[in-house]
Amino acid sequence: MRTASRFLIVIIFLGVVLGGIFGYKFYQFGQMEEQSSKPQPPAKISATVAHTESWTPELKAVGSVESINGIEVANEVPGVVETISFESGDEVQKGDVLIRLDAAIDEAALRTRRAEAQLAEQEFKRVSDLLPKRAVSQSQYDEVKANFDAARARVNEAEAQLSKKVIRAPFDGKLGLRLIDQGEYIGTGTSIVEINMLNPIYVDYTLSEKDLSKVDRNYDVVATVAAVPERTFEGKVSAINTSVNPQTRTVRIRATLENEDNLLRPGMFATISTRQPEDREVVTVPRTAISYNTYGDFVFVVAENDDGELIVNRRTVQTGNSRDGRVAVTDGLEDGEQVVSKGLLRLRAEQRVEVQDDSDKPAEASE
Numbered sequence: 001m002r003t004a005s006r007f008l009i010v011i012i013f014l015g016v017v018l019g020g021i022f023g024y025k026f027y028q029f030g031q032m033e034e035q036s037s038k039p040q041p042p043a044k045i046s047a048t049v050a051h052t053e054s055w056t057p058e059l060k061a062v063g064s065v066e067s068i069n070g071i072e073v074a075n076e077v078p079g080v081v082e083t084i085s086f087e088s089g090d091e092v093q094k095g096d097v098l099i100r101l102d103a104a105i106d107e108a109a110l111r112t113r114r115a116e117a118q119l120a121e122q123e124f125k126r127v128s129d130l131l132p133k134r135a136v137s138q139s140q141y142d143e144v145k146a147n148f149d150a151a152r153a154r155v156n157e158a159e160a161q162l163s164k165k166v167i168r169a170p171f172d173g174k175l176g177l178r179l180i181d182q183g184e185y186i187g188t189g190t191s192i193v194e195i196n197m198l199n200p201i202y203v204d205y206t207l208s209e210k211d212l213s214k215v216d217r218n219y220d221v222v223a224t225v226a227a228v229p230e231r232t233f234e235g236k237v238s239a240i241n242t243s244v245n246p247q248t249r250t251v252r253i254r255a256t257l258e259n260e261d262n263l264l265r266p267g268m269f270a271t272i273s274t275r276q277p278e279d280r281e282v283v284t285v286p287r288t289a290i291s292y293n294t295y296g297d298f299v300f301v302v303a304e305n306d307d308g309e310l311i312v313n314r315r316t317v318q319t320g321n322s323r324d325g326r327v328a329v330t331d332g333l334e335d336g337e338q339v340v341s342k343g344l345l346r347l348r349a350e351q352r353v354e355v356q357d358d359s360d361k362p363a364e365a366s367e
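Numbering (the working numbering) for the sequence shown: 1 to 367.
Think of the hints as simulated: they come from the structure by calculation, not from any bench.
Ideal Cβ placement from N, Cα and C applies to all residues, glycine included.
In silico lysine-lysine, BS3-like type, Cα no more than 30 Å apart, as pairs: (1) 174 with 94; (2) 174 with 236; (3) 342 with 60; (4) 236 with 214; (5) 210 with 60; (6) 342 with 44; (7) 164 with 174.
Derived Cβ-Cβ restraints for the label pairs, each shown as a range: (8) 276 with 316: 19 to 29 Å; (9) 248 with 316: 24 to 34 Å; (10) 263 with 303: 47 to 57 Å; (11) 118 with 93: 31 to 41 Å; (12) 135 with 93: 50 to 60 Å.
Construct all of the structure, not just a fragment, from the sequences and the given hints.
Laid out in structure tokens, this is it:
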């Protein structure tokens, strides 16, 4: 009996404890259900109004800066460097002497050729004077004349060979680093110095074939580079390639930019905007009002429900270019509609909202 009584007491005690726990949980669930049945307070948002602005349509691309003329100067004939007439980084004009190679042997050869030519000329003059008197035959005259012509040709050849011992700047430009030293023997084709024409300068980039009809020669171009982010470089489209790359379906474009300060250098990575000549009216919103998604971009439009309360509706839009913190909306939004400008991630469709910051002042479009 004592054991049965103890067992009964334990059963009663456990029943009381478990009943208390279940009762408390039931009370909690009731409270939660009561809270969930209450309407949620409206979310506080910042809103703005979509505005129509006049924008110049532009095509964004990336490309590379290229010099109009840019080479590594090299020698055509071997020799020992006798004099160097430039320093690294010099500005040079076309025809300026860069280096001279030792030309003693070539100069001696030229003197020999000139002496031979002088003798051949004298012989030719004597025979020319005798030909009218029929003192020499026509064949003798032709032979002497041929010898004289050959002697003059050998002089020209020696002069040309000697001129190759002097290396000159092939065009106006800026020199790079000197790659040879005084007294050094250099073989044929040795790089001496890099020279680039920097003003004006090219920028080459590519556009998709679908944009080919939107670009033409003399369209305005604006470029920026990471080296001088505060500067923009203006120019015009100077050439469009005649074919489309079959692998990438892109077409190569070349623009010519002004570079008076020589800030642009060949090989720089550039961001390019090609602008069309006519402005276009577009509906714009702040960049923060657009939610970019893999399955489509969308905005939250502020509207009123049947009870006159402000709610937000999610709407898919088509976006275009962006400029000065604003994005052009090409489809899905009308001028004057109010959209949420901040805090999109915590919103859901049909959610009640309270506009805390209403800014309908549009950002000024860039010229």
